[in-house]
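Construct the complete structure from the given sequences, taking the supplied hints into account.
Each protein sequence line maps, in turn, to chains R and G.
Under this note's numbering, think of the first position of the first sequence as 1, with each following residue one higher.
Under this note's numbering, think of the first position of the second sequence as 1001, with each following residue one higher.
Just so you know, these hints were derived from the structure itself, not from any lab.
Accuracy of the hints is not assured; some may be wrong.
Each computed BS3-like pair below joins lysine-lysine, with the alpha-carbon atoms no more than 30 Å apart [what the hints assert, rightly or not]:
| id | chain 1 | residue 1 | chain 2 | residue 2 |
| --- | --- | --- | --- | --- |
| 1 | R | 119 | G | 1048 |
| 2 | R | 212 | G | 1048 |
| 3 | R | 12 | G | 1117 |
| 4 | G | 1180 | G | 1028 |
| 5 | R | 121 | G | 1048 |
| 6 | R | 212 | G | 1117 |
| 7 | G | 1241 | G | 1009 |
| 8 | G | 1021 | G | 1008 |
| 9 | G | 1241 | G | 1220 |
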Amino acid sequence: MSNFVSKEKLQKWAPLLVLIALIFVFSFANSNFLSIRNFARIGIASTPALMIAVGVTYIIIMGSIDLSMEGAVAVSAVLFATLFIAFGGSLASWAWLAVPVTLILGSLFGLINGLVHVKLKIPSFMASLSMGFVGIGLSLLVTGGDRIRVEDPLFRSLLTERYFGFPLMVHCALVALVIGWFIQCYTRIGRNFYAVGGGEDLAHASGLNVQKVRVLGFMIAGVFYALGALFAVAQIGIAETATGYNLMFVSITSVVVGGTALWGGNGGVWNSLIGVLIVNVINNGMIVVGLPRYLQDGVLGLLVIVAVVLSTDRKSLAFVK
Amino acid sequence: MIPMFELKKVEKTFPGVRALKGVDFEIKRGEIVGLVGENGAGKSTLMKVIYGAYQHDGGEVLVDDKPVRFENPRQAMEMGVGMVFQEQSLISNLTVMENIFLGFEQQFVRFGLMDWKHMAEAARFQLAKVKLDIDPATTTSELSFAQRQLVELAKVLTLEERVDGDLVILLDEPTSVLAKEEVELLFKLVRELTERASFIFVSHRMDEVIELSDRIYVMKDGEVVDSLKADDADVDDIQHKMVGRNVDKEYYREEKQKPFNKDQVLVELDGISRASSYKDISLKLHAGEVLCLVGTEGSGREAIIRTIFGLNRPHLGQVSIKGEQVHTFKANEMVDRGVGYIPRERKIEGIVSGMNVYENMTLSQMGRHSRFGVLNLAGEKKLARKWIDRLSIKASSEQADCGNLSGGNQQKVVLAKWRSGGSNIILLDHPTRGLDIGAKEDVYEMVREMSDEGVGVILIADTLEEAIGLSHSILVLKDGEITKRFDCEPGNKPSLYDLVHYMV
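As structure tokens, this is what we get:
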């Protein structure tokens, strides 16, 4: 390789190159792929997953893992819908209050998640997986297994109102992403995630309150999960326990495909954006080229493995566990 | 003059161990105090009490004659006590400035946002104190070891602005990864900085402690056995106090070096080359020979050893083991041929802590201790007891957790692992790094015993003295090529100068 393109640079941009390559391949396979309408479709499908991925990015940067997102989204979605209807059922009335309340509830869910992990000293993997099930259970308790419809046209305008060809929710998600990037780069807590992921013992010995950083991390992630839940509800106008379905696989896969290392210390929310797009482009592309439905899940799994191979640096790892 | 920082009869007990037994320790303003002792003498416990990682459970810690108690490192920092850790204790994925202000970023937050410009300026001010001219936004992993050491020091010196009182700075083995010139620069800097702070200097290198310190505390078995002025100290005297007996003048066991068997070749490298690691290397290792590879870091020593153990393959040339040419470069292939590797990072590659002594010993040869995949535990334990005895490994039993053994004993377990499996080509990479004198002597004894039994040893020594003292032959490497070969018969060994001449 010439000196012009260094290996590190290539590594850094590899996920983006993978994304561009995928877009090329699918456009070549079917010219309908390359259209604003289709890109808007990808954007809509990506929006909830992007919020979840941004939240879990912080956790993964810390070297932990959070598997509670499906439960967190389920509980946030049904609580939001319940409150929304209880407050009058229209954004024009007091129902807008349901939005901030849901975000606060999301952070509370994250707080409990973090406290269970840190105070009871349960590995984040186990603590969050269990909390996810608690969330699923809570949402069932609220709905009794039913669906709650949210039909307020003003709220649904997140999906129906379009600017530059993309629905409002895509623009909102991009704003949230920029906020996420802001937290990552310009706030104390954001930088502390990297310190904890890079060397927890050293961070502690330098006077950093590592436990606090961890709990705050789970709280911020909880807010993003709640945001993801709002978009998921806006997408189909229904809140139910299954609202969170499949988001765990998609979000964590996206973070890894985007180039954030699972052992912590590097990566960021922009990587996660690329990752989410890679996964959703694969998903959408398979439909556009007309792959049978029953093949799609299997092919998605295989393509994700290929994407991880191409976009992450695994050379320096002697062992992987 | 009242000492600014003082320990009076400080006690620290862990379950089953009394780590500090009534330690008295004091440091005056602007003083440099040396702290020496063997591994396990209580140095690191004492340091941890001083910088707040441990809490003392008896006696008093006094700052300016007032008793204090540090619940965590942060409280110690707020009283002006800072620690410069050993190598690699900066978080390598963060920038230099983030590392310097880690845990104290609040001062740079404006309306909830980090003011990077302001932080960079402040970092530059701190870096100037240690005369390091680098961009504070550099990622720490890009710095050399020496630069990282200085960044560590700069980080601790931020306490100067933050606390009112005087500073006490602990330097833990700051020179272990530095080259000679870098050590001199560091010492000069520390002497200049005594206007700003007092220092506690911990090192295994006696000559350095004597050179830098004003006063030296010697620790043994959790007690301060002596405190002496550096001007009156000499190396032999201190070592005597640390070990509690006279250190053998025949440190490297030269009298036990016997000629090796010139007819039996164990390893032969014939003109092997590997891109960007080594070039055209030929050597022969005979039974009973200790062959030492000498060179600076990055001269290709490690890569050659790793090739012989099958961890990487040469691009050109031939490798033969016991007369047979090797084609597949895999570690398990080499283990089958009788090669054993004792790596430098004992904790990482050598032993599995959490597994006990016998499990570690038989790790590389489980096939031999199992039938149809089921392990013969009784046989394993018997073998382990035999080797514990043979190498006099200090472990409570073969069931003891390897992670809790001292460094020297871990090293012996690794050796037993290979020797008990019948390996007769042993590759030793820095076998004495981080060991104290007593444990080092054990390792030297071990090497001589292996030679007597016809084992061939390829050694990368920790110091040049060690290389000269231990080996039958020395190959000097520079930039991946052999520049000189020395025969080292007892009484006719090359001098340090002879070697250095070909190294750089």
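Now for the hints, and whether the structure bears them out:
1. R:119 / G:1048: Cα-Cα ~24 Å, so holds.
2. R:212 / G:1048: Given that 30 Å is the threshold and the Cα spacing comes to 23 Å, the pair holds.
3. R:12 / G:1117: holds (25 Å)
4. G:1180 / G:1028: Distance ~29 Å between residue 1180 of chain G and residue 1028 of chain G Cα, so the pair holds.
5. R:121 / G:1048: Distance ~24 Å between residue 121 of chain R and residue 1048 of chain G Cα, so the pair holds.
6. R:212 / G:1117: holds (26 Å)
7. G:1241 / G:1009: It holds: about 20 Å lies between the C-alpha atoms, which stays within 30 Å.
8. G:1021 / G:1008: holds (11 Å)
9. G:1241 / G:1220: holds (8 Å)
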